[in-house]
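J.: Whole structure, please, built from the sequences with the hints as guidance.
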Amino acid sequence: MSWLGSIQYHGRQWGNRTLDRHLRVGVTGLSGAGKTAFITSLVHQLTQGDQAQHLPFFSVLQQGRYLGGRLAQNQPMAIPRFPYEQNLQYLAGQPAQWPPSTTGWSQLNLTLRYRPTGAIRSRLQQHSELQLEIIDYPGEWLLDLPMLQQSYQQWSAFCWQLFRQPHRQTLSQPFAELLQTTDLNDVSELQLQRLTDGYRQLLLSFSQQAGCYLQQPGRLLVPGELAGAPMLQLLPLLPEQLEQTSALASRLSQHYQTYCDYVIKPFYRQHFSALDRQVVLVDGLAALNAGYAAVRELQQALGLIMQSFRYGPASLLHRLFKPQISKVLFAASKADHVTPEQHKALTLLLQQLLRQPIKQSQYASAKSEAMALAAIRASKSGFVEHQGQRQAVLSGRDLHTATTQTLFPGEVPAELPTAELFARHQFQFPAFLPTDNNPEQPLPHVRMDHALEFLLGDKLL
1 MSWLGSIQYH GRQWGNRTLD RHLRVGVTGL SGAGKTAFIT SLVHQLTQGD QAQHLPFFSV
61 LQQGRYLGGR LAQNQPMAIP RFPYEQNLQY LAGQPAQWPP STTGWSQLNL TLRYRPTGAI
121 RSRLQQHSEL QLEIIDYPGE WLLDLPMLQQ SYQQWSAFCW QLFRQPHRQT LSQPFAELLQ
181 TTDLNDVSEL QLQRLTDGYR QLLLSFSQQA GCYLQQPGRL LVPGELAGAP MLQLLPLLPE
241 QLEQTSALAS RLSQHYQTYC DYVIKPFYRQ HFSALDRQVV LVDGLAALNA GYAAVRELQQ
301 ALGLIMQSFR YGPASLLHRL FKPQISKVLF AASKADHVTP EQHKALTLLL QQLLRQPIKQ
361 SQYASAKSEA MALAAIRASK SGFVEHQGQR QAVLSGRDLH TATTQTLFPG EVPAELPTAE
421 LFARHQFQFP AFLPTDNNPE QPLPHVRMDH ALEFLLGDKL L
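Take the sequence shown: its position 104, counting from 1, is numbered 104 in the UniProt record's numbering, and each next residue is one higher.
Honestly, the hints are just simulated from the structure, not real lab data. Among the hints, a few may not be true.
Unchecked claim - Restraint-style ranges between C-beta atoms, simulated for each label pair: (1) Ala414 <-> Tyr90: 47 to 53 Å; (2) Gln63 <-> Asp436: 29 to 35 Å; (3) Phe57 <-> Leu204: 35 to 41 Å.
Claimed, not checked - Lysine to any residue pairs mimicking SDA-like chemistry, simulated, CA-CA at most 25 Å apart: (4) Lys327 <-> Asn109; (5) Lys344 <-> Thr401; (6) Lys344 <-> Gly291; (7) Lys322 <-> Leu148; (8) Lys327 <-> Leu110; (9) Lys367 <-> Gly291; (10) Lys459 <-> Arg70; (11) Lys322 <-> Gly303; (12) Lys265 <-> Arg70; (13) Lys459 <-> Gln126; (14) Lys344 <-> Ser273; (15) Lys367 <-> Gln173; (16) Lys327 <-> Ala72.
Keep in mind it's a predicted model, so treat the numbers as computed, not measured. Heads up, the beta-carbon is just placed ideally off N, CA and C, and yes, glycines get one too.
T.: Here you go:
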């Protein structure tokens, strides 16, 4: 984008903000939560979902005032574009496939046209427009915020305290042994990269084998445009190794401070602080499948993420970045992986996961809401007769075998499950491929109309 084009683009943004005709919505989620599907569905509903019966709780559509949405012409040239059209091709394939996950920052702009409700505005203009910017970024980046309040030594101690918990201890042992045999005065490129590769593999093992969510630094697993940057050569030394001065500890401490100053702070200052609304997607079913420790760690991760939405005068975010997010939607994704009567329990479970972080907040927070939804419904619900009883079931194509299955996935606990429950019961919620859809019709969903109303309803009056 030229300097003149950049000035014109930001000038239009400022003008629309002044007139309250501009909204920036951030969408994030921890790995596998379904943010690519959510954004694709949200855009499709707004540009194709003009049928009132398809979005019954989206008030501007029910009132006959929604005139449609289109992809805006002023897509920023210097920011990666969210691959909406490519995602639709995956979903329209024969057979349909999930689009690949995005691994960095991207954006897509829409123009929404509607008839205003106010008597004066409706007389002065036949329609109004809302400029909507949808910002996609990995939730792992939000987990880095607490690093700003820690030194490298404090962060290393926190990491090893985490790694020595029962569900992580065995996996972390090989990396601990690698560090124990490391020359602390060797700061060569080969040494730093060898240790970084070992630490990255450890974080991957935590995620893939133990269902862990707290992974710092977030950019080590999701580097985005920073892939290969020397400051990502960052790892926690053992606590006993930090009791002595060494060249390696000094170098890693420098990388840590550089990461805080040039990655975490700019992310919040340049991008996050400019958001108006935020969606946080949570795959609680995957955590239940992974076990008790994964559920507890998900709760801890959500607590850290919640810190990003606290703006009182005493908060770190307020002092550094002056954020302006007014609404946060916490969505339990993949609600179509359980039968409809379990949706209430899924929502209650999400609220339980969020309750302690909210309770501990001492600051003014953004308005928040929790709901269970499926951005793109991948199953059909129904009933079968089983042993003389009417049993709710789901039917869908298995993610791994592509065969059609009809099953009862199980019940969702409405409260945080105890370790004793996991000791006697193994959750096994399924994963489905998308259904074959008519590209001329809006994507099937569960409660995307509720999400649209919460995020956009007050801006389309």
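J.: Would you mind marking each hint as holding or not holding in the structure?
T.: Hints versus structure:
{"no.": "1", "hint": "Ala414 <-> Tyr90: 47 to 53 Å", "in the structure": "35 Å, violated"}
{"no.": "2", "hint": "Gln63 <-> Asp436: 29 to 35 Å", "in the structure": "33 Å, holds"}
{"no.": "3", "hint": "Phe57 <-> Leu204: 35 to 41 Å", "in the structure": "40 Å, holds"}
{"no.": "4", "hint": "Lys327 <-> Asn109", "in the structure": "19 Å, holds"}
{"no.": "5", "hint": "Lys344 <-> Thr401", "in the structure": "29 Å, violated"}
{"no.": "6", "hint": "Lys344 <-> Gly291", "in the structure": "21 Å, holds"}
{"no.": "7", "hint": "Lys322 <-> Leu148", "in the structure": "16 Å, holds"}
{"no.": "8", "hint": "Lys327 <-> Leu110", "in the structure": "19 Å, holds"}
{"no.": "9", "hint": "Lys367 <-> Gly291", "in the structure": "31 Å, violated"}
{"no.": "10", "hint": "Lys459 <-> Arg70", "in the structure": "17 Å, holds"}
{"no.": "11", "hint": "Lys322 <-> Gly303", "in the structure": "20 Å, holds"}
{"no.": "12", "hint": "Lys265 <-> Arg70", "in the structure": "34 Å, violated"}
{"no.": "13", "hint": "Lys459 <-> Gln126", "in the structure": "17 Å, holds"}
{"no.": "14", "hint": "Lys344 <-> Ser273", "in the structure": "33 Å, violated"}
{"no.": "15", "hint": "Lys367 <-> Gln173", "in the structure": "42 Å, violated"}
{"no.": "16", "hint": "Lys327 <-> Ala72", "in the structure": "24 Å, holds"}
When held up to the earlier numbered hints, the structure conflicts with 1, 5, 9, 12, 14, 15 and fits the remainder.
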